[in-house]
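Novice: Dock chain to chain to rebuild the complex, using the hints, since each chain is given by itself in its own frame.
Chains as they are written, first to last, in this note's numbering: chain A, 11 to 282; chain B, 24 to 308.
Derived by calculation from the structure, the hints in this document are not laboratory data. Misleading hints may appear alongside valid ones.
As the list claims (entries may be wrong) - Restraint-style ranges between C-beta atoms, simulated for each label pair: (1) B:Pro129 with A:Gln72: 39 to 45 Å; (2) A:Thr48 with B:Gly75: 38 to 44 Å; (3) A:Gly223 with B:Asp92: 31 to 37 Å.
To be verified - According to the in silico footprint, chain B covers these stretches of chain A (three or more CB under 8 Å from chain B): (4) 51-57; (5) 91-100; (6) 202-213.
Glycine included, each C-beta is placed from N, C-alpha and C at the ideal position.
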Amino acid sequence: MSGERAARIALRMATIAVLGFIYAPIVLVFVYSLNAGTTTVWPPVGLSFRWYLEAFQNTGLQQAFLTSIGAGIGATVIALILGTLASLAVSRHHFFGREAVSFAVIFPIALPGIITGIALSATFAQLDIPLGYPTIVIGHATFCIVLVYNNAIARLRRTARTYEEASADLGADSFQTFRHVTFPAVRTSLVAGALLAFALSFDEVIVTIFTSGGVKTLPIWIFQSFRLANQVPVVNVAGVVAILLSAIPVYIASRVAGGDLVAGPARTTAVR
Amino acid sequence: MTRRLSGWLHRRPRLRLGLTLIGPAGWLGVLYLGSLFFLFLNAFFSRDAFTGRIIYQPTLENFLSLTRDPYPQVTLRTALTAAAVTISCAVLAFPIAYYMARVASPRRRNLLVVLVLLPLLASYLIKVYSWRLILANEGVLNWALAPLGLRGPGQGDLAVWLVFTYLWLPYMILPIYAGLERIPNSLFEASSDLGGRSWMTFRRVVLPLALPAVVAGSIFTFSLTLGDYIAPQLVSTTQFIGNLIFANVGAGGNLPLASAFALVPLSIVVVYLVMARKLGAFEAL
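Chain B extracted, bound-state conformation (with noise of 0.2 Å):
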């Protein structure tokens, strides 16, 4: 029987790949880009003042919203923070993910992997409440640093900045180590070979090379923090883009403006995964 239907199907590729595809492009290509597109809906309808309801009548109302305060700021604020945690994580980031890839012995690059990835899934919420008990008044950080008679930044943009710095760290340490330990010896022979110092090499050879998987990283790195609102709300008072779209679909009630504000890092995403596509940053993800 299973033999009659599996010769059928052989016959049959195109009905095969239907069957294999129907689920994921089912889930993915009608619930969820269907529920995206909704939601793109949403955006250009209005919301009933006295009744809360939705009114189902097309107008770029929402749209001017946005050009009003508080959301330049907060978009301006949010995309400049992700571009700093972006920039500090490739810092960060760049000499252990070469130590990984080049200097190690593959027994502890192994081990250095395994240290990495560990963290990347292992609670972020817990991770952004220890930073609020490091940065707290009697929280660690400033017992430290009292006997030099300094303080820790305490809570604010400074702690907001840190803390996506910590939480994506992996995320950019795992691309850059993947693409560096591409990058074939004999490169590295030949460069020197034609009389490339240490730093010529690196300038030359590794950083054009290792270009693509800092692009790869910094999608997780730029597109998680333009999201983000639960750090900035435990570490600082400061309105991130996420903390606006929570405060009008939570208690304002207002999913049409919550909508169109949501396209903003949709489409700052959407535009970077582009470039990032453009730049092969796909190859290192």
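Just chain A, same shape as in the assembly (with noise of 0.2 Å):
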């Protein structure tokens, strides 16, 4: 029995362990967005507001965080219709080809973001389509409605047809059916899924490298602003900005969707 104990305690031990290595990084840029110094050499030299100040009245940082929020509307707004629809149609037919519906809403999350990016990139560039912030919103909604779709088709799973089909018995049409009866039961779960949806927007970098043009969403003008010496302290408020607006929806979505989120990182994976 001893060993057991020992076994649990090792485990506790592990889990703080791995915890704190996911964590560290996180809190350094808190730390640094904090230095009252210019430089990120550590240890930090004093207390200071001052870059939270510079950073809010930084013209371009503004103008990127605004660009990002549009973007993530967009594509949450998309994504949030492509994916409740997908989800209906396989969990409520049967088709040929249902299996390759749920094989192409997960291909724009398990591909890697670059191959995403230059495919819509070359795309665009062969329709004549001009890059800027309509084509970010549809590469950000492409890999966005795995999102909706997974949080959707889990709950519509559990959720019994046969509600569906008393609710049509009982003099129903579809749409009643559907708005009395099925969204009802999904709405939690698509909540979740476009929050989930719009932090995954905010954050992305690849994928808006290629289809942004000259536009830049937040992490595009982070990734521009690394290399800029005195850029870099706005830089570490940019990051904490970027976490939180990440991190509250995601927190949110975890909230309402209750047991239904931690089914598997497909439905809150974020794609490279």
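Specialist: Laid out in structure tokens, this is it:
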């Protein structure tokens, strides 16, 4: 029995160590954002909020932030519509190619982002579609569909079809059944999927690099500002904003979706 | 009006299905898979060295280029890195996933799930950037190791492996956790009733049942490593598959060659997905 006790203690220690490993680099960015100095030499020289003030006055950063919010909302709306439709089709119909749909939905997230990125940018170039905000949204929506789809389908699989049949037997038409039966059952999973889609879009770099043209999202702005020594303190602040704006939706999603969310990372996944 | 439409649709389930599917199928099937197919076609074209225009005549020239330096070496290096990252992620993920699924109280379990989930999507770029700061000459790692007379790995291949392991670790923890949580308690009891000690139970019951979950996690650790070029670029000067593709698309302006090379990770991932599906990993996704 004492062997088992030792194993439990060892497991707990390992858990704490891994969590420390996961969070230390994130905490470090917070610490640096409050650093009074202009370099990233460790240890920090003092506490200061001056970089926050400077960041909030940086018009390039503001613009990038707003672009990211806009792209996130656009991609989320499209993903919400297409992901819901796909999940309804797969869970409520039997048809040839049903498996292919579930495969096609996962594909954009399982493939390396650079492939999705150059495939889309080559196609846009071929079709003479100029790169910019709309193409960013198209790229993001493509890999965000899976987040809504996976959340919705997990819920739909557990929601008995008999409720929908009962609704139809009681005289409800398809739209009424959807509005009063199906939708309320999947509502929270859709909210969770949408929040994750937004977080993923807000954070994405690689596909964005290929589809944005000259438009800068927050991650692109950060990526381009890394190398500029005088921007480094502001990058730290932008990093804190980026972390919070992708972590907060995920946190809310995990509260809203309860147990559904944790069944796998395809549900919660980012793609590069 | 909606009622009549609804009734009309109800009698035509195929049409209803068609209307439901047209959006997602159009987007993913036509736009996305179409783009991938276009990329695939490009791999068989060539580029005029003077004008930079694409010559639309089928050729295998690009694939021949891929057999020459540095492509085979870079492919091998990337695949080995992806394998090493997958192994280190699995090793680090298993204990915490096991603790979450089988030891922690339900309250603590939920807390841990959220704690692992949060950094999953939390700014990829910032995490790499943070590692750049940690590993820098005057960074926190060297500062912490200095009293021991040691130095961190600095930038380089070791740093790439470390950063990838860090980045994809949550992708491995979550499916393993979900897989372990699904194992019924009765199996543990049965094993112990049959005289299985903890280790025996672990090896004969837990590991085989957790395997699909590990494979599910490895889809992410492997495939994400295979295509990433930002992390290697920020913490090393080593070339990986993604770096070469990017260099060919960007500065090189050689889309056909880049497309041909992109087919390498693409086929590796497809083969990997098919194998994973056979092992039942999709249920664990």
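Novice: Going back to the hint list, which numbers does this structure go against?
Specialist: The structure breaks none of the hints.
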